[in-house]
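Colleague: One-letter residues, chain by chain:
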Amino acid sequence: MSRVSTATVDDLTEATAPDRFWNRQRRLGAALVIIGLIAAVIFGSLAESATARFTISEDAEGAALSINGQFGAILFGIVTVAAGGALLAGVAKRWQTLLLCLGIVTFVFSFLCWQVAGKFLPLVDTLSGSLELALPLILGALAGVLCERSGVVNVAIEGQFLMGAFGAALVGTLATSVWAGLISAVVGGVIIASLLAVLAIRFLVDQVVVGIVLNLLALGITGFLYERLMQPDALKYNSPPRLPEWRIPGLADIPVIGPVLFETNLLVWLALILVVVIHLGLTRTRWGLRTRAVGEHPTAADTVGIRVRGLRYMNVLLGGVVAGAGGAYFTLVSTGAFNKNMTAGAGFIALAALIFGRWTPFGALGAALFFGFAQKLANYLSAVGSPVPNQFLNMLPYLATIIAVAGLVGRVRAPAADGVPYVKS
Amino acid sequence: MTTEAPPKKEEPKKEEESFLSLFVHNLWSANTVTVTFLSILLALVIGAVLIVVSDSEVLATFSYFTARPSDALTASWDLISRAYADLFKGAIFDPAAVSAWFNGTGDWQTALNPLSETLTYAAPLVFTGLSVALAFRGGLFNIGGQGQAVIGCVTAGVAGFAIGLPAGLHLVVALAAGLIGGALWGFVPGLLKARTGAHEVITTIMLNYTATLFLGWLILQNGVQDPDRTDAISKTIDSTAGLPALPAPLRVHFGIVLAVLVTAGVAWLVNRSSFGFELRAVGVNPPAAKTAGMSVGRTYIMLMVVAGGLAGLGGATQVLGTADRLTDQVAGNIGFDGLLVALLGRNKPWGTLFAAILYGGLRAGGNLMQVDVGISLELVTVLQALIVIFIAAPALVKAIFQLRDARTARLGASMAKGW
Chain A
416 MSRVSTATVD
426 DLTEATAPDR
436 FWNRQRRLGA
446 ALVIIGLIAA
456 VIFGSLAESA
466 TARFTISEDA
476 EGAALSINGQ
486 FGAILFGIVT
496 VAAGGALLAG
506 VAKRWQTLLL
516 CLGIVTFVFS
526 FLCWQVAGKF
536 LPLVDTLSGS
546 LELALPLILG
556 ALAGVLCERS
566 GVVNVAIEGQ
576 FLMGAFGAAL
586 VGTLATSVWA
596 GLISAVVGGV
606 IIASLLAVLA
616 IRFLVDQVVV
626 GIVLNLLALG
636 ITGFLYERLM
646 QPDALKYNSP
656 PRLPEWRIPG
666 LADIPVIGPV
676 LFETNLLVWL
686 ALILVVVIHL
696 GLTRTRWGLR
706 TRAVGEHPTA
716 ADTVGIRVRG
726 LRYMNVLLGG
736 VVAGAGGAYF
746 TLVSTGAFNK
756 NMTAGAGFIA
766 LAALIFGRWT
776 PFGALGAALF
786 FGFAQKLANY
796 LSAVGSPVPN
806 QFLNMLPYLA
816 TIIAVAGLVG
826 RVRAPAADGV
836 PYVKS
Chain B
17 MTTEAPPKKE
27 EPKKEEESFL
37 SLFVHNLWSA
47 NTVTVTFLSI
57 LLALVIGAVL
67 IVVSDSEVLA
77 TFSYFTARPS
87 DALTASWDLI
97 SRAYADLFKG
107 AIFDPAAVSA
117 WFNGTGDWQT
127 ALNPLSETLT
137 YAAPLVFTGL
147 SVALAFRGGL
157 FNIGGQGQAV
167 IGCVTAGVAG
177 FAIGLPAGLH
187 LVVALAAGLI
197 GGALWGFVPG
207 LLKARTGAHE
217 VITTIMLNYT
227 ATLFLGWLIL
237 QNGVQDPDRT
247 DAISKTIDST
257 AGLPALPAPL
267 RVHFGIVLAV
277 LVTAGVAWLV
287 NRSSFGFELR
297 AVGVNPPAAK
307 TAGMSVGRTY
317 IMLMVVAGGL
327 AGLGGATQVL
337 GTADRLTDQV
347 AGNIGFDGLL
357 VALLGRNKPW
367 GTLFAAILYG
377 GLRAGGNLMQ
387 VDVGISLELV
397 TVLQALIVIF
407 IAAPALVKAI
417 FQLRDARTAR
427 LGASMAKGW
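Residue numbers (this note's numbering), protein chains in the order written: chain A, 416 to 840; chain B, 17 to 435.
Source of the hints: derived by calculation from the structure; they are not laboratory data. In this text, all values refer to a predicted model and were calculated from it rather than measured experimentally. Fair warning: there could be bad hints in the mix.
Facing chain A, a subset of chain B residues (Cβ under 10 angstroms, in silico) [to be verified]: (1) Ile67; (2) Ser70; (3) Arg211; (4) Ala214; (5) Thr219; (6) Ile221; (7) Leu223; (8) Leu234; (9) Ile391; (10) Val396; (11) Thr397; (12) Leu399; (13) Ala401; (14) Ala408; (15) Ala409; (16) Ala411.
Chain A regions said to be covered by chain B (calculated; three or more residues, Cβ under 8 angstroms) [what the hints assert, rightly or not]: (17) 796-807; (18) 813-819.
No residue lacks a Cβ here, since even glycine has one placed at the ideal position from N, Cα and C.
Make the full structure from the sequences, and use the hints.
Modeller: This is the structure in structure tokens:
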């Protein structure tokens, strides 16, 4: 049996002196200066000297924020360099996160100015599209938060998505009810989650192995039933109703934010509410305290009378509920029909969002929105025929996660007992 | 012996008896062979249920099950037995074709074709399976076999059509390119693990998708994309770089021979070489290995390089042996299947080889099943996943069949390891 390691970051390197010059802040600063220079010089020189319009209204003509593309690319690049310079110079630690965010945001702005110069980018469409693409990622990452904070590694988010999407399509069509579809999506997610729970908690199988194998199982079962049932008779088995879009009068009239947040489907609100609920639950309630205790130090939790395995079962199944609802997005919101392997790695981006968001609900939300924005931008750029290949933008979530895990941008740390089965001795 | 006293004479016979009873006793215990066999059986049973449930005609006979149960039972049995008979015929041999060959009415190609198909599908899985198994022995979980195989496909494929070399040499260069490409893709998580401690499961998962996206971009570029085509497909590799078929009309190619040789090589590496000793030591107990003077970080890097190289070779055999050109899906699912193969082979080189052949057989038989009975090939994915679930949870199999404890209980050693 191999050594049971619990940390994301095994300290294999020699202990280093704490006050070396190239500490994290300076390395971050240097990285920001470099990307800022790239933005100012390369984006600036490539950008057309034409107006870049970020339209607020729905059409291309209406009110818009506009800036000269070349000027904007250089300006925002210089701001990025300045933010990096401030970090390099060693400003107070409390400004660090703010400066880092500023640097990254201005870098993105610089890139946008280059790409949009001479064209227009509809802000409302971009934001609502980003939110919609982020929707399954938010729900999947929240499922991961629920599982992993209690100490069960969940690599099976992809499988839960697939089962959820399949269940929603099949039952939604048979019952001709979108709500029946949503409920059976949840059931689909719970089926995979219960397999994960039983195999990982009861039979102590390696949780990463179970997760990967369950993904393949879900892929096989949904693909098999798709070819046997749905493909021959799509009308009977694979034409579920779509989730309706609701508009909240009043709030929906706020410019930009209104149409994005208040004229949308139920699942978006559900996801955003769940972020808050799970955050409050984890930090403020008895359940949350117990979950964190079980995830960090199950033996200690057991000593004070918490049922470690019972709590883990419950959290994994709750995770299945959330991830299954995320799966419903693919069939009830996005495309309106099930297709083989239609999630195409979204479960793994959700996993990336979970890790990038440091295993917290709000972190996961931020990471998911960022990844959703990257995907939306990739779609936009390929639509307007940009020279930047969209594949590289789609790589962004994965590369960002690798950088985060490697400790280049802050250290991410998993719950201490994540992935370690609890055996009562 | 004959000169010895009568009471003593009985002793060997007694031992014989106890051996026999021991054999029978052990047969129904949770040993490796029994658990593997029962896992496959359980998977086939669940697969049969899926076949019946998804067939509307057979399901219709179940609607009057209480009135005439024989209808439903014969219909189900017919369907299941035809499906599984096809699985066998497509994977090993078709008795009709073999007897036709012996009678002179058929040719040997048809008779040997199933075996050829099995070995063709098995060849890349051997490499990706060995990649995962080797990394496991060193305590690393290489989920990146898929990404490494994709990069291996890319480098081997590009070397196959971009450079002109004489036959033989070109093949060697293309294979080496696949090996190096995969090794580089394995080097990244190894280095990150050794230098920063980043968990290899996370980094390799992320690198898998990065590799697939890179492939998707590359095959649309000038010089790589087939100039006569508008879709995402590359030029065809030169015939000088292709793996030669072993007898010509069959699809089976030299890759399977290479796979057996590499299996022997990996077996030697793990069990006999000093690097193998180091990697096993690091796998069992890194702090102890460090105390003994081994460099844990360097072992991790070397291990991931070798594992990546193996997976890259798997990708190379896929391109140079069967695919002939790069597409989005050229690597198929060989990386993830390799993971299953390694688990089924219990992370031993020769075990992995046999597991890969079993999976290749399932795949080959699945093709016939799809054509003949119309049962989707996806059933094979379900079977493969189920087999590994049962293999990985021997306690489950033990509980279902009420097996005795094995005398040498090596099962159930979960490799539990967090992030």
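Colleague: Can the region 813-819 of chain A be counted as covered by chain B under the rule of three residues or more with Cβ-Cβ separation shorter than 8 angstroms?
Modeller: holds (count 4)
Colleague: Return the status of the interface hint for leucine 234(B): holds when the least beta-carbon distance to chain A is below 10 angstroms, violated otherwise.
Modeller: holds, 9 angstroms
Colleague: Hint validation: isoleucine 221(B) versus chain A, beta carbon distance must be below 10 angstroms. Holds or violated?
Modeller: Because about 6 angstroms separates isoleucine 221(B) from the closest Cβ in chain A, which is inside the 10 angstroms limit, the hint holds.
Colleague: Identify whether the interface hint at serine 70(B) stands, where standing means a beta carbon of chain A within less than 10 angstroms of its own.
Modeller: holds, 4 angstroms
Colleague: Quick check on the hint: isoleucine 391(B) CB to chain A CB, less than 10 angstroms?
Modeller: holds, 7 angstroms
Colleague: Should the interface hint for alanine 401(B) be scored as holding, given a Cβ-Cβ cut-off of 10 angstroms against chain A?
Modeller: holds, 4 angstroms
Colleague: Would the stated hint for arginine 211(B) survive a check requiring a Cβ distance to chain A of less than 10 angstroms?
Modeller: holds, 7 angstroms
Colleague: Hint valine 396(B) vs chain A: min CB-CB distance below 10 angstroms?
Modeller: holds, 8 angstroms
Colleague: With 10 angstroms as the cut and Cβ atoms as the points, is alanine 214(B) at the interface with chain A?
Modeller: holds, 4 angstroms
Colleague: Holds or violated: is there a CB of chain A closer than 10 angstroms to the CB of leucine 399(B)?
Modeller: The hint holds - leucine 399(B) has a Cβ within 10 angstroms of chain A, the shortest such distance being about 8 angstroms.
Colleague: Closer than 10 angstroms between Cβ atoms is the bar; does threonine 219(B) clear it against chain A? Give me holds or violated.
Modeller: OK, holds: threonine 219(B) within 10 angstroms of chain A, min 5 angstroms.
Colleague: Identify whether the interface hint at alanine 408(B) stands, where standing means a beta carbon of chain A within less than 10 angstroms of its own.
Modeller: Holds - the Cβ of alanine 408(B) comes within 10 angstroms of chain A, reaching about 5 angstroms at its closest.
Violated hints: none; the structure is consistent with every hint.
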